[in-house]
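**Student:** The listed protein sequences correspond, in order, to chains A and B. According to the numbering used here, the first sequence is numbered sequentially starting from -12. According to the numbering used here, the second sequence is numbered sequentially starting from -12.
Just so you know, these hints were derived from the structure itself, not from any lab. Check the hints yourself; a few may be wrong.
Remember, identical chains collapse to one label, so a pair may be satisfied in a single copy or spanning two.
[To be verified] Derived SDA-like pairs (lysine to any residue); straight-line CA-CA distance at most 25 Å:
(1) Lys512 to Val239
(2) Lys121 to Ser496
(3) Lys121 to Ala498
(4) Lys98 to Gly200
(5) Lys405 to Val499
Protein chains: 2
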Amino acid sequence: MAGIFQRSLRLQRALRHLVPQSPLSSTVTARHSPLDLHCPFLPSTSWQFGICCRKLHTGKDGPKPSPAAAPDRLPFSRITQEDLAFFRKILPGRAVTDPDLLESSNVDWLKTVKGSSELLLRPQTTEEVSQILKYCNSRNLAVNPQGGNTGLVGGSVPVYDEIILSTGLMNNILTFDSISGILTCQAGCVLETLSLHLEERDYIMPLDLGAKGSCHIGGNVATNAGGLRLLRYGSLHGTVLGLEVVLADGRVLDCLATLRKDNTGYDLKQLFIGSEGTLGVITAVSILCPKKPKSVNVVFLGCETFEQLLKTFQLSRGMLGEILSAFEFLDSECMRLLNTHLKLHNPISDCPFYVVIETSGSDSTHDGEKLHNFLEEAMTSLLVTDGTVATEDSKIRALWSMRERVTEALTHDGFTYKYDISLPVERIYQLVTDMREHLGDRAKSVVGYGHVGDGNLHLNVTSAAKDPALLAAIEPFVYEWTAGCNGSISAEHGLGLKKRNYIYYSKPSSAVSLMGNIKAMLDPKGILNPYKTLPDDLK
Amino acid sequence: MAGIFQRSLRLQRALRHLVPQSPLSSTVTARHSPLDLHCPFLPSTSWQFGICCRKLHTGKDGPKPSPAAAPDRLPFSRITQEDLAFFRKILPGRAVTDPDLLESSNVDWLKTVKGSSELLLRPQTTEEVSQILKYCNSRNLAVNPQGGNTGLVGGSVPVYDEIILSTGLMNNILTFDSISGILTCQAGCVLETLSLHLEERDYIMPLDLGAKGSCHIGGNVATNAGGLRLLRYGSLHGTVLGLEVVLADGRVLDCLATLRKDNTGYDLKQLFIGSEGTLGVITAVSILCPKKPKSVNVVFLGCETFEQLLKTFQLSRGMLGEILSAFEFLDSECMRLLNTHLKLHNPISDCPFYVVIETSGSDSTHDGEKLHNFLEEAMTSLLVTDGTVATEDSKIRALWSMRERVTEALTHDGFTYKYDISLPVERIYQLVTDMREHLGDRAKSVVGYGHVGDGNLHLNVTSAAKDPALLAAIEPFVYEWTAGCNGSISAEHGLGLKKRNYIYYSKPSSAVSLMGNIKAMLDPKGILNPYKTLPDDLK
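From just these sequences and the hints, can you work out the full model?
**Tutor:** Here's what the structure looks like:
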């Protein structure tokens, strides 16, 4: 009882601090610390798919491949000296064949997939991309489009010897209209560079990711990246206003409109958002950007049950309304890993569940008052048992890191099996509980965290080392459980190489079949990002 | 000077009224008065396309048809007694052939297009729609999908004898999740019915249209309807989470997800949003709905120049921020027509431009303060010269009607040529000015109004009667002008029958060609809504 009283006191002190409120920083808080997408390389996770691929490629008596393993190499042409001469001519000094320089482009960020491409092309213009694809299509050469190579499902690296087509040198900001907030840029612009460019002009990007220092906007669009601002600003299907895309045969599709409304025919750009480079190469993007919020607050709260956490979410939607910009959660297992592996100190008392709430608004006094009223109601209703409030940049960053560094903590816990699941919001933690019970002692840790506001759970299971028996216990259990709730087996990471064969858990065969028709229509030879997104059994 | 002082005084009185503010109504203001889509039938506008079609169909020596006229009837089958027997069997009592009952379904809302369908089918279930299309496809019978028939471009009625497939009896609300705010319903639900259903549950629909009392959600999605809330809640490409669609051959495509995030393969539903019933028949929709705002305010302001109006828009975005929910405008010519034809009284002094601003928020005190500060700044900076504020429902409705009833006023002014243009926001009024100068005395009135926040101008030109010479002076001038600014010749109305051949002003031929490929893939016999959306010259 004394403990509860003490915790309440702490929150009340925080509340007193909040109203009347000290002026908040007028800048949006930069979050440079690693997020979901970032973890240091672990030797134990290295090359699992690379090995698998090689086995499939070179031998026939290995173990039966998992659905995630790559299929045999398709009968694409192999690069000849004539091909190289062509690429060197149209891309002087930008057709890279040095194996050392190719190394990092052949390996995905998690170091779980490794290709063996011998050619990296670095075009600077749409015309060059067009020439490359026209040539590759005529020669039946496979192409792996690559942005910042920060994907988590093996979609951004070659599986065999596909030519890597990097957007790295296509990094020009083309226009920014400060009245409408519409930005147009080449596909290779790094997300963080765009964010900084906009913040100087009193705008922000409508998406924010942990990988923002590396990822390219073209890759973000190609993978329909979600991230931290989706709750507030919606998906890229709504904010992307135009795309320029080079099709497999080199045709340039100019849908780079900069208009909020345009109902002249089918909205073709939508096809390429989330198609993971399998339907075309995005070369330029126009996107609607929101005004930079003048005030940002972050609170870190503790809840006794997930039901209380959900009630807190509902309360926040009602009382914080239009200023609510993030509602994230982590469980006590995540906190244990943060403490153990990263020595991060729990800023409040121990609870089964923790919540990070961010508000972004145009008036710091109003925002502070809304937050104060919400917290008072949440405390009075006993929905939250403890909490702390941050209005200053450094403390905001510290609180965010409790959510953002969970992935990093996990990498120190052992080999990690990662799942990115969409579910009806009221079900998202049940999967963690059921998985924990299902696995029993077989797992080292089973943790859940993610974007409550979007119904998006990051479920992670660790073991001391790679463990096929554990994997067999997790899958297809996790996918069947998800399908049973009409959930999605990939909320924001995409399918790439690793999850392509699990698509039927979330999509009916009629839809998958139509996807195949669209692929065949736009890329009849299948040269664009082969072995990705679409399942192997697609006819 | 005295006049300016008096006007300032009025606005200051309004401001005093605003802060401290009286409690606002907690309901969202219903706007039942006609909007852009509504105008009484005018004899002078009747059957212009109907006549045109008949001429094309029955004679060869009439005048050269305009690009808007329908092409010759395509070689679809004609309905036989066997066909009728089949439809009567699967839709007992719901296969309508009585000409009187068919009359209203054969004519569009503006009474400018008239078809001659002899069969109206009224399915209740997806399975029935599937059976209908499977049969029609096998028999090569053309089908015109029809929702509330409120479209403005002749897309929702048959051109010749297409079978009308109405969604009118598919009007069940399937589920509403009060935690996530996700609604699923059949395609024939009337938008206003859904709005009322949600408002009882403390939510609203993310779109609002003048036609809401008649239009169906399926039609809204099929035409990618814009409307009054787009500025705040974005387009249907972002808010529609799932669709169930019956394809031309009767296959049911179940993409009726109820998840905010799902990156498992291509986002197929996007293809059908805005495809105007030419790629499939939408049978069910899931859509993300926002919480009902607790406070709504409306202000009506006058500006001396359009430049000041744009600066006022910029100021409102900065100072009203997250509570800004509409920024609409009308010019003094609109006001003259409102006065003359509808006897509506200008609530402020005469100005060249008028602005309607709406705020929607979660805290009436905060919203009132933000609005007060914004208005004070707008006055002090001399951006607005007069204005009035409404916090009560009846006055809010009165102010909204000044914007919403412009279309109605236009119908009393004579024959109306209507254009729905997207432009970079800073250019939108230049088109009105240029058109006025270009037409000189040939036009009776040239007026501009619309959605400043979306860069969407409604340009209307009236004449005493239908006037081919005037039309020739307007078109292609208006389309060329728009194309010169990379604008869209149809921001929200779509292409339908009337504008299909103007698509090249806003889309490159490579995009139009790809649209044709998609149409051929999904509807190889072209039975779905023929003569619409795609241009006649499409191969």
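**Student:** State for each hint whether it applies.
**Tutor:** Hints, one by one, checked against the model:
1. Lys512 to Val239: within (18 Å within a copy, 28 Å between copies)
2. Lys121 to Ser496: For Lys121 and Ser496, only the inter-copy Cα distance (19 Å) is at most 25 Å; the intra-copy one is 32 Å.
3. Lys121 to Ala498: between (29 Å within a copy, 18 Å between copies)
4. Lys98 to Gly200: within (18 Å within a copy, 56 Å between copies)
5. Lys405 to Val499: The answer is within: 24 Å in one copy meets 25 Å, while 42 Å across copies does not.
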